[in-house]
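As a plain string of letters, each chain reads:
Number of protein chains: 2
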Amino acid sequence: MDAFVFHNPTRFVFGPDAEARTGEEVSKLGIGKVLLVYGQGSVVRSGVLARVKASLDAAGVRHCELGGVLPNPLSGLVYQGIEQAKAEQVEAVMGVGGGSAIDTAKAIALGVRYPGDFWDLYAGKAQAADGLPIITVLTLSAAGSESSNSSVITNEQSMLKRGTRTEFNRPRLSLMNPALTYSLPNNQKANGVADMMAHIFERYFTNTKDVTLSDELCEGTLRTIITAGPKALAEGESYAAHADLMWAGTLAHNDTLSPGRQQDWSCHGMSHAVSARFGAAHGAVLAVLYPHWMQHQLDHDVARFERFAVQVMGVDDTSGDAKSKAEAGIRALRTFFNSLGLPQTLSEFNVQEKDLEKLTDEAPYSAQGTLGFFRPLDRADVLAIYRAAL
Amino acid sequence: MDAFVFHNPTRFVFGPDAEARTGEEVSKLGIGKVLLVYGQGSVVRSGVLARVKASLDAAGVRHCELGGVLPNPLSGLVYQGIEQAKAEQVEAVMGVGGGSAIDTAKAIALGVRYPGDFWDLYAGKAQAADGLPIITVLTLSAAGSESSNSSVITNEQSMLKRGTRTEFNRPRLSLMNPALTYSLPNNQKANGVADMMAHIFERYFTNTKDVTLSDELCEGTLRTIITAGPKALAEGESYAAHADLMWAGTLAHNDTLSPGRQQDWSCHGMSHAVSARFGAAHGAVLAVLYPHWMQHQLDHDVARFERFAVQVMGVDDTSGDAKSKAEAGIRALRTFFNSLGLPQTLSEFNVQEKDLEKLTDEAPYSAQGTLGFFRPLDRADVLAIYRAAL
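So the sequence lines, in the order shown, correspond to chains A and D. Be aware that the first sequence starts at 1, since it is given in my numbering, and climbs by one per residue. Be aware that the second sequence starts at 1, since it is given in my numbering, and climbs by one per residue.
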């Protein structure tokens with residue numbers, strides 16, 4: 001286990017009707033006015049936004065709003081939100097929706113307090129030194145942004161999708177009602193399952209030694225997702241399954257499962273390039289790429305992939321040698337994603353062979369020209385994984 | 001899963017030499033003067049206290065100190081600490097040691113801001129409405145007080161041992177260096193193992209339905225403790241084993257593993273009476289009582305004890321019917337505690353048959369006259385468990 005600092009100050013209010021407690025909980029934080037950020041209107045149609053506003057009104061918390069966030073959210077709305085938040089002198093920014101609405105809220109909250117162009121923080125040119133408080137009302141179990149220190153935005157000019165991590169991104173308060181996720185289409189629920197599993201994979205496949213406890217926590221959460229995911233698709237109003245998924249999605253990305261482990265975000269980096277260029281859903285791209293990343297990295301640490309196969313994917317521990325069990329685990333993961341109706345190839349997003357060089361160029365390489373740490377990927381590795389996934 | 005509010009704002013600085021960062025981290029909180037609370041001098045002899053003070057000095061944080069906390073800490077020193085903290089106008093109280101030092105620090109921190117007798121908060125006569133910030137430097141993996149919302153004090157007059165739970169008890173900052181626990185005697189390490197396992201048991205044996213995810217987290221942490229505990233006793237300087245135990249002890253009692261579950265603190269309540277009257281170590285008493293509590297409660301939910309046996313204690317799932325597996329799990333727990341050198345009977349604390357009625361009287365019953373929720377214990381149950389454990 002590596003040395004670590006862990007600080008997760010988000011207050012979670014979790015359960016049926018959590019959103020109805022928004023006003024009361026925001027009031028406790030001493031916040032008098034918020035900017036509500038949401039997407040393309042599903043929270044309007046479902047009545048969630050109205051309930052949140054009614055709750056704020058009842059508690060005397062003033063609010064203004066900014067809708068129209070797209071999946072793979074764009075920088076343009078962030079600039080607009082920063083201006084609005086300044087003009088309206090809001091004291092906090094609240095994302096109502098899934099990761100896109102929340103990540104946009106985070107970018108606005110950072111941008112209001114950053115003297116330059118907010119994109120500097122995402123382009124790696126500057127680190128946030130302050131931010132408005134962030135609040136979330138979650139309607140989609142996937143991105144984990146309701147408690148993570150990260151947010152991801154796509155620049156409209158360059159079409160580069162980039163993330164920033166800072167403690168100022170941690171929401172102060174997240175209101176989580178699993179029942180709000182019942183009505184999502186199954187493909188969105190499946191994307192969410194793939195996204196939260198990927199968040200755990202980025203932590204699970206590590207070079208850090210002596211990580212027994214966090215291995216156990218990662219594996220137990222993955223097993224829960226593998227059980228709850230299909231159930232949530234099959235039983236659209238199972239509170240138990242949707243609650244397990246919602247809380248698992250939070251734990252998957254707020255470091256509860258993983259303090260003291262070196263992480264590897266190469267697959268996320270590769271997925272961002274595809275999402276930005278082809279408008280592909282983040283979770284769906286991860287479902288395509290991850291089995292190929294695993295196959296490509298298998299020989300780096302066969303024992304870890306074997307452990308994954310046996311402990312997470314249910315491969316029989318007596319079924320063969322380490323490598324064959326490891327490969328069976330990867331196949332089982334593919335089969336699982338397939339069973340949820342997730343795509344299996346990049347072609348399904350209209351990616352073609354001719355696009356692969358460009359995608360390879362656009363991955364967020366380190367200064368050393370590599371991605372990730374488990375076995376760092378160079379450009380040839382990235383291209384090979386994209387090609388295998390085509 | 002029940003509805004829940006989860007808020008764990010402790011900042012953890014974990015790793016070798018964590019205590020040397022005390023001053024820097026306290027400074028970041030804007031705290032200018034602290035009261036250092038510690039026990040009977042082991043932190044003086046080991047040099048830990050000197051390193052903490054040097055770190056505070058280097059950061060310009062002033063400090064005063066109060067030593068002499070006993071195991072099963074007493075109210076007298078709390079009153080003294082409250083007066084000292086007020087006279088010295090400290091801005092925070094820092095426990096340097098294990099649960100006893102930290103719980104005393106917590107009681108002082110609450111007491112300074114409570115207008116009446118601090119014991120009211122422990123006697124259930126009042127709820128804390130404020131408290132000084134609490135900081136901990138942990139030297140013993142056991143009580144989980146470095147992040148929990150609880151503290152436990154024994155009243156010197158009545159010899160009643162009572163706890164209070166409040167969000168004001170959550171430390172703001174905990175500095176955790178596993179190497180500080182290397183030098184503890186094995187019986188203290190074993191007591192710590194039993195204590196942290198008991199904290200998980202109090203959450204694991206629940207009537208709440210649909211708790212798949214938190215069952216997984218509880219079970220994985222218990223398995224880790226069962227592996228790391230004997231290793232820490234056998235290999236006195238294994239960083240890996242001591243680090244797993246230290247972090248497991250924190251997770252065991254700060255609700256990370258268990259949001260949305262009804263908890264049952266009956267065994268803790270029964271243990272407090274024995275500790276207060278017989279000066280017995282908390283963890284050791286729990287190791288004696290828990291297998292008997294399990295046997296007494298077995299028929300209330302055989303399936304849960306069966307799951308515990310298979311998932312945690314390694315009982316072969318094909319080895320018999322549910323009840324025989326469940327009983328094998330309880331026997332395996334006894335065997336495990338025994339292997340750590342923990343006591344097996346209350347007689348080992350000099351408890352005699354004639355004491356059992358008195359102990360039964362002193363358990364912290366609810367207004368309904370019962371202990372716990374899993375299957376609430378009445379006085380006859382409590383007496384029966386004590387007698388079985390004699």
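Because the hints were derived from the structure by calculation, they are not lab data. Among the hints, a few may not be true.
As the list makes no split between identical chains, a pair holds if one copy fits it or if it spans any two.
[Stated by the list, open to error] Calculated cross-link-like contacts (lysine-lysine; reagent style DSS-like; alpha-carbon spacing at most 27 Å):
(1) Lys358 <-> Lys209
(2) Lys231 <-> Lys358
(3) Lys125 <-> Lys28
(4) Lys28 <-> Lys53
(5) Lys354 <-> Lys323
(6) Lys358 <-> Lys33
(7) Lys125 <-> Lys209
(8) Lys358 <-> Lys53
(9) Lys354 <-> Lys86
(10) Lys86 <-> Lys125
(11) Lys86 <-> Lys53
(12) Lys231 <-> Lys125
A quick look at each hint next to the structure:
Proximity of Lys358 and Lys209 under a CA criterion of 27 Å is satisfied in neither setting, with 36 Å inside one chain copy and 50 Å between copies. For a Cα distance limit of 27 Å, the shortest separation of Lys231 from Lys358 qualifies neither inside one copy, at 38 Å, nor across copies, at 52 Å. With identical chains, the CA atoms of Lys125 and Lys28 are at most 27 Å apart between copies only, with a shortest distance of 25 Å across copies and 35 Å within one. With identical chains, the CA atoms of Lys28 and Lys53 are at most 27 Å apart within one copy only, with a shortest distance of 16 Å there and 36 Å across copies.
In this assembly of identical chains, Lys354 and Lys323 lie within 27 Å of each other by CA distance neither inside one copy nor across copies; the values are 33 Å within and 63 Å between. When the C-alpha separation of Lys358 and Lys33 is checked against a cutoff of 27 Å, the pair qualifies neither within a copy, at 44 Å, nor between copies, at 57 Å. In the homo-oligomer, the alpha carbons of Lys125 and Lys209 never lie at most 27 Å apart, since the shortest distance is 32 Å inside one protomer and 49 Å across protomers. In the homo-oligomer, the alpha carbons of Lys358 and Lys53 never lie at most 27 Å apart, since the shortest distance is 44 Å inside one protomer and 57 Å across protomers.
Taking CA atoms no more than 27 Å apart as the test, Lys354 paired with Lys86 passes in neither setting, with 44 Å inside one copy and 73 Å between copies. Only within a single protomer do Lys86 and Lys125 lie at most 27 Å apart by alpha-carbon distance; the minimum there is 23 Å, versus 47 Å between protomers. Taking CA atoms no more than 27 Å apart as the test, Lys86 paired with Lys53 passes inside one copy only; the shortest distance there is 20 Å, against 44 Å between copies. Taking identical chains as interchangeable, the C-alpha atoms of Lys231 and Lys125 are never at most 27 Å apart, the minima being 44 Å within one chain and 46 Å between chains.
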